[in-house]
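Trainee: Top line first, the protein sequences correspond to chains A, B, C, D, E and F. For the first sequence, this note's numbering puts the final residue at 64, and the numbers step up evenly by one. For the second sequence, this note's numbering puts the final residue at 64, and the numbers step up evenly by one. For the third sequence, this note's numbering puts the final residue at 64, and the numbers step up evenly by one. For the fourth sequence, this note's numbering puts the final residue at 64, and the numbers step up evenly by one. For the fifth sequence, this note's numbering puts the final residue at 64, and the numbers step up evenly by one. For the sixth sequence, this note's numbering puts the final residue at 64, and the numbers step up evenly by one.
The set of hints was computed from the structure by calculation and includes no laboratory data. Certain hints may be false.
Each pair may be met inside one copy or between any two copies, as identical chains are not told apart.
Stated by the list, open to error - Only pairs whose alpha carbons sit at most 25 Å apart, straight line, appear in this in silico SDA-like list of lysine to any residue:
1. K10 with E37
2. K48 with N26
3. K48 with E59
4. K29 with W51
5. K48 with P35
6. K48 with T13
7. K56 with I42
8. K48 with A19
9. K56 with G11
10. K10 with D45
11. K10 with W51
12. K48 with P36
13. K48 with R12
14. K56 with A19
Number of protein chains: 6
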Amino acid sequence: MPTIHIELHKGRTLEQKTACARAVVNAVKEHLGAPPEATQVIFVDVEKPDWMMGAKLAEGGPAR
Amino acid sequence: MPTIHIELHKGRTLEQKTACARAVVNAVKEHLGAPPEATQVIFVDVEKPDWMMGAKLAEGGPAR
Amino acid sequence: MPTIHIELHKGRTLEQKTACARAVVNAVKEHLGAPPEATQVIFVDVEKPDWMMGAKLAEGGPAR
Amino acid sequence: MPTIHIELHKGRTLEQKTACARAVVNAVKEHLGAPPEATQVIFVDVEKPDWMMGAKLAEGGPAR
Amino acid sequence: MPTIHIELHKGRTLEQKTACARAVVNAVKEHLGAPPEATQVIFVDVEKPDWMMGAKLAEGGPAR
Amino acid sequence: MPTIHIELHKGRTLEQKTACARAVVNAVKEHLGAPPEATQVIFVDVEKPDWMMGAKLAEGGPAR
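Full structure from sequences and hints, please.
Mentor: Shown next as structure tokens:
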């Protein structure tokens, strides 16, 4: 039943994402007691320019 | 005012999505009493490899 | 595999939500071909004051 | 700490998004007291056909 | 049509949120060309303990 | 920069969530190469009745 959305900069490989998701599923199982059968991990790729940090914006420079 | 996000595997046609959204708008109208004018449906396509199921990950195989 | 989030004003009963979710699951099955076993519906209650409409804000009045 | 997601129709330029994000970061700073260093703005482009308006669907016409 | 979700620590007043949302609606209008009638702002209150910063966690201390 | 939302049934303790978040931050660091300073984990408690499983709904019984 846990549903986990991971927003990240585009560019990671499927191998990286799979290894990460496996560790997340294990963390959720160990620490929250949630069975892997009920756990989903969804990766949401974000293009770098679409992810803007307030600190950079406040300086008046580019947003990343 | 209801806003509905439907995350699904990429690959459905616009016709499928439109028919689905129409049924969802009707369901929201009939069962929640929400007027269609205030209802929005947003489809979020997810690439299959980005949607990982815990059960598959726990088996140590590929994540889908 | 479809995951559906329905944001709505707080106040609907469990009966209303259940009937709505059942219709949504059927819509997703019929029009997207997604099996109910893989479908989840999550209701997200939003307090009315937290949901602000741009039209009301632009008029300078209260936001709802 | 505020995280802002802006869903919008695809097609705006990076310049438009940057100017918008800067104004949003300032709004959050001025009205919520949140420091820009802790604020993030994420733009989520939505393809027009994926964003369906209930009013259009209820009329039986195209969904946009 | 822009839908804006603002996640923030619980505790702001309705007045603060309304002023912030009004500024956001204006920013979206000015910089993205989106009409206020089509813009919605949804505030999502997050309890402080539910929002965990990686830097704090990595230090092994409390997560906020 | 990764932002992780963990939706889960209400009821876990802060200790459980903190331990889980720490493991998630480490997983993201190890497998995605993302620095903890840029990682946030947000827990989203969902009331059990608000999380409906399609399989249960399709059987015509209660939704959980």
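Trainee: Please list, smallest to largest, the hint numbers that this structure does not respect.
Mentor: Checked against the structure, no hint fails, so every one of them is satisfied.
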